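These protein sequence lines map, in sequence, to chains A and B.
For the first sequence, this note's numbering gives the first residue as 1245, with consecutive numbering after it.
For the second sequence, this note's numbering gives the first residue as 4, with consecutive numbering after it.
Treat the hints with care, as some may be off.
Unchecked claim - Computed Cβ-Cβ distance ranges for the label pairs, DEER-style:
| id | chain 1 | residue 1 | chain 2 | residue 2 | range |
| --- | --- | --- | --- | --- | --- |
| 1 | B | R365 | A | A1394 | 15 to 23 Å |
| 2 | B | C371 | A | D1282 | 37 to 45 Å |
| 3 | B | C371 | A | A1324 | 39 to 47 Å |
| 4 | B | G439 | A | E1340 | 33 to 41 Å |
| 5 | B | P156 | A | A1311 | 47 to 55 Å |
| 6 | B | G439 | A | N1484 | 18 to 26 Å |
| 7 | B | M69 | A | Q1283 | 49 to 57 Å |
Bear in mind the hints are in silico, worked out from the structure with no lab data behind them.
Every value quoted in this text rests on a predicted model; they were computed, and no experiment measured them.
Built from N, CA and C at the ideal position, the CB exists for glycine as well.
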Amino acid sequence: MNIVITSIVILGAIGCLSAVILYFVAKKFKVEQDDRIDQIVEVLPGANCGGCGFAGCQGFATACVKAGSLENKFCPVGGAPVMQKVGSILGVEASEVEPMVAVVRCNGTCANRPKTNTYDGAKNCRIAASHYAGETACGYGCLGFGDCAAACNCGAIKVNPETGIVEIDEELCVGCGACAKACPHNVIEIRKKGLKGRRVYVGCVNKDKGAVARKACKAACIGCGKCEKTCPFGAIKVENNVAYIDFNVCKLCRKCVVECPTGAIKDVNFPTPPVKPAPKPVEEKKTVEEAKPVEPKVEEVKVEEVKVEEVRIEEVKTDTLDNGKKPDAVEQSLF
Amino acid sequence: MKTFKIGGVHPNDSKLSACQPIEVMGLPAKAVIPLSQHIGAPATPVVEKGAHVVVGQLIAQGTGFMSANIHSPYSGTIEKIDNAVDAWGMPCKSIFINVEGDEWDESIDRTDTIVRAFAYTPEEIVKKISDAGIVGLGGACFPTHVKLSIKAPAKADVLIVNGVECEPYLTCDHRLMMEHGEELMIGIKILMKAINVDRAIIGIECNKPDVIKHLTDLSIKHFGIEVCPLKMHYPQGGEKQLIDACIGRQVPSGALPISVGAVVDNVATCYAVYEAVQKNKPLIDRVVTVTGDKMSHPCNLKVRFGTPLKDLIDKAGGLPTEGEYKMIAGGPMMGRSFCNADSPSSKRTSGILILPEDKARRAEEENCIRCGKCIDACPMGLEPYLLSRISEVKNWDLMEEHHVMDCIECGCCLYTCPANRPLLDYIRMGKQTVGGIIRARAQKK
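Build the full structure now, drawing on both the sequences and the hints.
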């Protein structure tokens, strides 16, 4: 009995002593962990895709808290709503970041770019690219074995067996850039999604000289420089025989689309067809510019109905905008 | 009979052109000389557009330590220096020459007389080899002068000459040894002097009994050179395998052959060394085997660099007019299939193999059943099925841990796999990536 009591006392004493030591050690070496990191991790999507440029969501949260601001930080998966939540946790305003989307800069469909040989190795773009130029005469374009599709966490990329190149579903794409990193030919680019998803870009990355590029693919950029001369905003640069449109400068006027002799410049999500004969591009530009402010749409519809009074309508338009009584004035003038 | 200890396979050797004497290939009208025909930095052109060149004139200088000179194999005018498309459709900077006549540099001895005596110091020999732009003609094209510049404390005690030619189909080394045995012996003597060793071993596989007999007879007159007949076993021509087979030493993982005191050179390189040192002739041509199961005239051709591959194929009977076929630069095991026959031959081109329709395609890929055949076959003692799998999931750290950098890309795993999995494709990709990571890491330090 004595032994039992002794051991209980001794063990109890050791326990108390350890507790005291642990208490002071814990006080002394306390790791300051900001609660906000965990809160931010909670609101992040948890995809751990690395699209933000940090090592997973935890890394992104830590970086946000450390910096104390959201400058140059954006979660492409969660987008603006998530960034607002992160901002409210940190007590700062989330800066507006334009949504981005992946774009395949290759027009090399089976029809445009005929096969010259058959690849028989492992079906992997990176392996094929390290072995040779590819199944066609173009050594720069999409190889079509789907490394990007495998890298995509959102299921936004699919290889179209009919065209032989990959296609991106812009509804699903979050612009994280995993596909662009996976592509050995750097065919995929992350570009601004643009107003209403409207984008103009050069669908070719072939650096060969014009004749060689054209021989390999009917829709190749031949580096002729017509688009560079046509562009009124200086958004297009031709370097190494291939044109590039800077999406920060481009105003989506589509003059270059009309001008391109091979049709290498693509425009997407525009309501009107892009290619018009030479004299018309001025008019085309108008419609695009009108598309930016939201109000004038009412008039646009009516132009079709009453063609003769076109001039008058335009006069009315300026008046109405000044007076601020738009609907009434328009109706009056028309009836 | 001797051979290496780990792994290896035994493909059918199919040496169709073994009895065809070396023929000299005619000159093309236009030639394209690539500036990168070796491992390391591409050479820098030293001639300009419109200049007249003669055979053997230096047209591009090696840049830096790991590079090699390039000499003109033709006489004529330089048309332009521009990008050409290589056999794999990739652009490569090249010198275009309009061939006019066949005028040689006067310092080159073009006679057939065999020059035996030489009295050069090792430094002079290495200098001559470096000037002549000689690279390892076994396939890797490693600049020979770099291999011979042994830095202390490493010291060589034996020269191993690679006459194995374990690749099926290829017979260029076989014919060279038969027809130029005497010159080869002198070339070996020169190399022995250059690295200061008194023993050389020529490793030859037993499927070439005529060569073994011929060279054994010759070696009696050349003190220090011995012929070592080896059992047929692929990949015996690999440096590390050959050292193991000939002298029973194992090169440690990640080390060079010099760490066990051996220097390995191919027979074609030894012959080129003879020509460079004794005849003053730079490396401008080599023997190329052009062969294939359905070719009407498989042959061994002495080809000057820059000749279009199509000309060589036409000489051997031409491409099949119908059906699929596969063109391979090199042998069927380690060679690289190519798609552009209009591209020029280079120092790398040891053979051209045209596989007919029934052999052209790989068999359908199935699931790995973990049978372990690839492990048995791997001559480096690696686990190909595992490496291939972790390369597929891009786990580069784990690949490095599993010694992917030791892989010699011999293709034994792919050859032996009953499920026809593209093991080597994935391992090669992993090796390239891990190599890049290791280099980046070394640069950081």
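Against the structure, the hints:
Distance hint check for R365(B) and A1394(A): the Cβ-Cβ separation is about 21 Å, which falls inside the suggested range of 15 to 23 Å. The beta-carbon spacing between C371(B) and D1282(A), approximately 42 Å, falls within the hinted interval of 37 to 45 Å. A beta carbon spacing of about 46 Å between C371(B) and A1324(A) agrees with the range 39 to 47 Å that was offered as a hint. Taking the beta carbon of each, G439(B) and E1340(A) are about 38 Å apart, inside 33 to 41 Å as hinted.
Checked against the hint of 47 to 55 Å, the C-beta distance between P156(B) and A1311(A) comes to roughly 53 Å, which is consistent with it. Separated by about 24 Å at the C-beta atoms, G439(B) and N1484(A) satisfy the suggested range of 18 to 26 Å. The supplied range of 49 to 57 Å is met by M69(B) and Q1283(A), whose beta-carbon atoms lie about 55 Å from each other.
Violated hints are absent here; each numbered hint is respected by the structure.
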